[in-house]
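Q: Residue numbers (the numbering used here), protein chains in the order written: chain A, 2 to 291; chain B, 2 to 291.
Careful, some of the hints might be misleading.
Rough simulated footprint, nothing fancy, chain A against chain B, three-plus residues with beta-carbon under 8 Å [stated by the list, open to error]: (1) 39 to 45; (2) 211 to 219; (3) 256 to 265.
16 Å max Cα-Cα, derived EDC-like pairs, lysine to aspartate or glutamate [stated by the list, open to error]: (4) K8(A) <-> D69(A); (5) K261(B) <-> D250(A); (6) K261(A) <-> D250(B).
What the hints contain is simulated information worked out from the structure, not anything from laboratory work. Just so it is clear, CB atoms sit at the ideal spot from N, CA and C, and this is done for glycine as well.
2 protein chains.
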Amino acid sequence: MTAPLFKKIVIFGVGLIGGSFALALRKADAVGEVVGFGRSEATLQQARQLGILDRIGTDAAEEVGDADLILLATPVGQMAELMARIAPYLGAHTLVTDGGSTKSDVVAAAYANLGIRIAQFVPAHPIAGAEKSGAGAAQADLYQGKKVILTPLPENSQDAVARVRRAWELCGAVVSELTPQQHDAVFAAVSHLPHLLSFALVHDLAQRDNRDLLLSFAASGFRDFTRIAASSPEMWRDICLANREALMDELGIYMQELEKLHEALAEADADALEQTFRTARELRAGWTEQ
Amino acid sequence: MTAPLFKKIVIFGVGLIGGSFALALRKADAVGEVVGFGRSEATLQQARQLGILDRIGTDAAEEVGDADLILLATPVGQMAELMARIAPYLGAHTLVTDGGSTKSDVVAAAYANLGIRIAQFVPAHPIAGAEKSGAGAAQADLYQGKKVILTPLPENSQDAVARVRRAWELCGAVVSELTPQQHDAVFAAVSHLPHLLSFALVHDLAQRDNRDLLLSFAASGFRDFTRIAASSPEMWRDICLANREALMDELGIYMQELEKLHEALAEADADALEQTFRTARELRAGWTEQ
């Protein structure tokens, strides 16, 4: 029997993202011991009963020194404080990755709080599972075939990036790399803006006295367009704030697009409308989720 | 054996909407003879082979005089001319309905072209089937459980409205009534605006040099939000133009909503963002398609 790739991993935040990471690495025989930290004692107990954790940690300073790999899977807003707390105790060979869905802000927090350990942090964004949450929803195959984006730092060694990449690949993920800024620009365009626009439409209708009448005639187009408006308000508040520069850029461009369409309507410009719709249709009809 | 409710119906435009109407009334034993007109001889032949039509009409003037019910199921843009063509020959008891997805413009065309026969026209909008088209897609149960909205005119007799309502109910539809203006305002809000917004987002991305990179990271939120951007450019051009006043009103209100969100982002106003998202989420999560 060969030794596992990671003798000990420590997970901060044992929910869907953190719990599934542990279960997947276990299933791949890639981990010896899994130690977990979290703010809810009940969740930690549940995670141990579900076989996600071997042990519930009591002293982070003690646990992180001999860990091979640490996953920060808390909400992004809590990461700066957490980094500051563990930085003095990180071992020289301990790697750190995270599961945050924005990256520039997490990287800024890392530079501010990880000090000389910055080279050991390889940021990641797993694109998986927003509908469910909690340790109870964790599953070993959550990342199977899903995308994980690494946003390596100039300070990272090739070996550090390769080992973190390997961890996510052992979870079944398809790993790619972007800079933190590229990452945030891409997700502002294809994820954060659509969420904002969908929330905006439903909020707009919610203000109307005749909203019940309106909704009684809403059909499948409305259903699909607004599905993401049922997402978590807290999570999307945090994402919008964390990525607000890129999101404001995207929103500005989109508002110009709407100005043009408003003008085309005002001028009854059939060609402009049709050409816009045709260009959109061609791109969308040719796209399939990968 | 009792006589069918409609001894003879004439369908102009034997595609999904017109063909399904005929098949449904046949299945309900509510029609004697079905005569069809259309611009494509091949489609008409196919419709006869599929049992949608008993006869292909050759002279509209001759066929509409003794018809009990006429369905105008052509694109909305062709209805004015069609109304002008048949108006002089309509029988005193011939009722006319339509399948157009905008109503103010169809009603204006009717007032302009039906002359003294205006009282015999009861406008309708069946909310059914946009994905497929053509006579080959027609089916007897297309309208089963689907909404049909009548927008009766002040000139209509109660009996005329009741008979047209009965025809759609015999197709299996759930029939309700709005004024043409109410209808167009409702659909501008819950259908036409979302389509415009979805087309706009994809068109926006289509302009980018890095569109392939962007789309490679698009996931389920993008997929749902942009599904309707794969709709027919011609059809949506016509709908946007036909309902442009109401749609411009809706687009204006929506752009104000986006201005407010842009401001909230600029000021990093977490409360404003969360409250907007929360209001939207509550309405959307409580809504189910009827």
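Q: Compare the structure with each hint and give your call.
A: Right, here's what the structure says about each hint:
no., hint, result
1, 39 to 45, "violated (count 0)"
2, 211 to 219, "holds (count 7)"
3, 256 to 265, "holds (count 6)"
4, K8(A) <-> D69(A), "6 Å, holds"
5, K261(B) <-> D250(A), "15 Å, holds"
6, K261(A) <-> D250(B), "15 Å, holds"
Hint compliance for this structure: hint 1 is the single one not met.
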